[in-house]
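Q: Chain order of the listed sequences is A and B. Just so you know, we're using the working numbering here: the first sequence kicks off at 911 and counts up by one. Just so you know, we're using the working numbering here: the second sequence kicks off at 911 and counts up by one.
Where hints are given, some of them may not hold.
Intra- or inter-copy, both count: the list cannot distinguish identical chains.
[What the hints assert, rightly or not] In silico DSSO-like cross-links for lysine-lysine, where the CA-CA straight-line distance does not exceed 27 Å:
#1 Lys930 to Lys1166
#2 Lys930 to Lys1163
#3 Lys1175 to Lys1242
#4 Lys962 to Lys944
#5 Lys1140 to Lys1101
#6 Lys1163 to Lys1101
#7 Lys924 to Lys1025
#8 Lys1250 to Lys924
#9 Lys1163 to Lys924
It is worth saying that the hints were derived from the structure and are not from the lab. For clarity, every value in this text was computed on a predicted model and none was experimentally measured.
2 protein chains.
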Amino acid sequence: MAMFEDSVTRTELKSLGEFKLIDHITEDFTLNNKSSVYGVGDDCAVLSYPDKKVLVSTDLLVEGVHFDMVYTPLMHLGYKAAVVNFSDVYAMNGRPKQITVGIAVSNRFSVEAVKEIYAGIKQACKNYHVDMVGGDTTSSISGLFISITVIGEVDENNIVYRNGAQNNDLICVSGNLGAAYMGMLVLEREKETWKGNPNMQPDLAGNEYVLQRFLRPEARFDIVEILAAKDVIPTSMIDISDGLASELHHICKQSKKGCNIYEDKLPVDPATILAAEDFNINPITAAMNGGEDYELLFTIKQSDYEKIKSIPQISIIGHITDNEGILSLITKDNVTIDIKAQGWDSFTE
Amino acid sequence: MAMFEDSVTRTELKSLGEFKLIDHITEDFTLNNKSSVYGVGDDCAVLSYPDKKVLVSTDLLVEGVHFDMVYTPLMHLGYKAAVVNFSDVYAMNGRPKQITVGIAVSNRFSVEAVKEIYAGIKQACKNYHVDMVGGDTTSSISGLFISITVIGEVDENNIVYRNGAQNNDLICVSGNLGAAYMGMLVLEREKETWKGNPNMQPDLAGNEYVLQRFLRPEARFDIVEILAAKDVIPTSMIDISDGLASELHHICKQSKKGCNIYEDKLPVDPATILAAEDFNINPITAAMNGGEDYELLFTIKQSDYEKIKSIPQISIIGHITDNEGILSLITKDNVTIDIKAQGWDSFTE
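Just chain A, with the same shape it has in the complex:
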């Protein structure tokens, strides 16, 4: 049962079997990137990266831990599973080129449901010019597991790690923060209402933006392109999956630095502020600790300020300091608060 469920034909996975299911899924995937030599259908995919460094990242998405089937449309789930991996490649200043997809599903899911997930993955691949080159589809005793590995490319001289931030570097963030977290809270609230009365349609009007940010996030390929066009190579970069506070800790720890962040510089969308008011939450809390925004957090040299300052998609929110391990938020009232890493942890929440 799910909040958004439609009535569809149901074909049992058992009736099709593994090989035929894989044939179904892969029949309309094509290879478009020069680096994709051979895709699905052999023991391995074959790739070619003679002139670039190769980037690799793997993420797991687990039902009941990373997503709730009650309010997650399967096509959005597939889209998001792919996009969050692409985001890891952009966070190295690279471009994603291939993915492999491992999916384990229980027989609670139908063939149509599995195809919905792959349709979302396919849409993400199309939008971001990525080829699906392999994977594994198998059954599970219970629950849905998605494991995606992304392969990308970057010029050796353009690689951006987390550990390169220097004293006085400007701290920048793309887009706006906290929206995905508010989207999740709206869905959790509607789930509670729906559990009381499953015939009631969820009331999501006015929250479209924050819902979209949570259910179907996009990765910031545009930022990587803009930085390249402006000839700016960040000194450090990370994508915001666990929340700004947690990611600032990663950058500062690996760069052996500290930072000052200014509350009045934090970009928060009006829709996020409205939703936060509705829940009686400080929008800054959502921005600092919410997570799942998939914006890019990066640092640049002061000398690159002129190139960056008038780009609407980028906000300068503070600067790096030599006070190793001291991460401060300076509020609108000029009070200094310690930034705690309240990143989401699947083992402790």
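Following the hints, complete the assembly by docking chain B onto the known chain A.
A: Using the frame of chain A, we list chain B on its own:
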């Protein structure tokens, strides 16, 4: 509970949290391959393959589907999860160089249990000269899931696909077949006994070889080295994960050919024959349909026969024919039997 369980200290995953667990796991992994530029600790690993083609493959192992915790020691499980991926790279005539590891565990598992799995993966990486460069460790609602992606290299001219078999090519197989399947049957039998009396120690004497083949298989790196030394490039190759019959179907289907296989040429170890007699099973059935042997099945040109014939690790078991889709087993009594693809299917078994 498990047949082989030892009493050990138990640290709850919750008490450590995700970041500390990852620190624990990754602290003693080092990078040894030239192609491994940067490993664990950033959004992506960075690899370098200027002169080679890159091979990529992903496999999922799911508790209750691919392994049974009752009789699977965790260190062996980690070892096997890595090795079966390496096997996919050898099956392309390549060499594995890096892996990423995704593990989802329920809180039924302790920190020590997760470290056992990684210890097995680490041992496999050491034995096969592979670097672990990244991954994801997260919780699950129930069960253990392991997703491994392997990255390997191969010279462009040496890549071997499944689709290159030609008429009259000789069909070769490494090592021997059916042992892993018999090992599984022995463990299933002991599990039933143990369920009746959990204080009874399993009686596995005399079956050490078939048990090792099932619980802790090795991948045939030696075959790839031998073929290179003899200057033989197979015309097609695949590793035997689902059983000889199923893999022959893959080779023949993708090469648009047929084959004749001779029963008296099939390599079966004496220990496999003994175990099969014990279970009143025809060892040829185990060899044809057993699976999980991780031997290499490949075809070579007739003109390479002289180079291959006296290599003890390789058996010539038949030849390719132009009868597309006709796969025949010729028995010792000269009876011709259709080879059916009885590969294991997680959705239908």
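Q: The structure should be examined with respect to each hint, and the outcome stated for every one.
A: Here is what the structure says about each hint:
no.: 1; hint: Lys930 to Lys1166; result: between (52 Å within a copy, 18 Å between copies)
no.: 2; hint: Lys930 to Lys1163; result: between (48 Å within a copy, 14 Å between copies)
no.: 3; hint: Lys1175 to Lys1242; result: within (9 Å within a copy, 82 Å between copies)
no.: 4; hint: Lys962 to Lys944; result: both (12 Å within a copy, 15 Å between copies)
no.: 5; hint: Lys1140 to Lys1101; result: neither (45 Å within a copy, 65 Å between copies)
no.: 6; hint: Lys1163 to Lys1101; result: neither (38 Å within a copy, 49 Å between copies)
no.: 7; hint: Lys924 to Lys1025; result: within (15 Å within a copy, 35 Å between copies)
no.: 8; hint: Lys1250 to Lys924; result: between (48 Å within a copy, 19 Å between copies)
no.: 9; hint: Lys1163 to Lys924; result: between (49 Å within a copy, 23 Å between copies)
Hint violations for this structure: numbers 5 and 6, all remaining hints satisfied.
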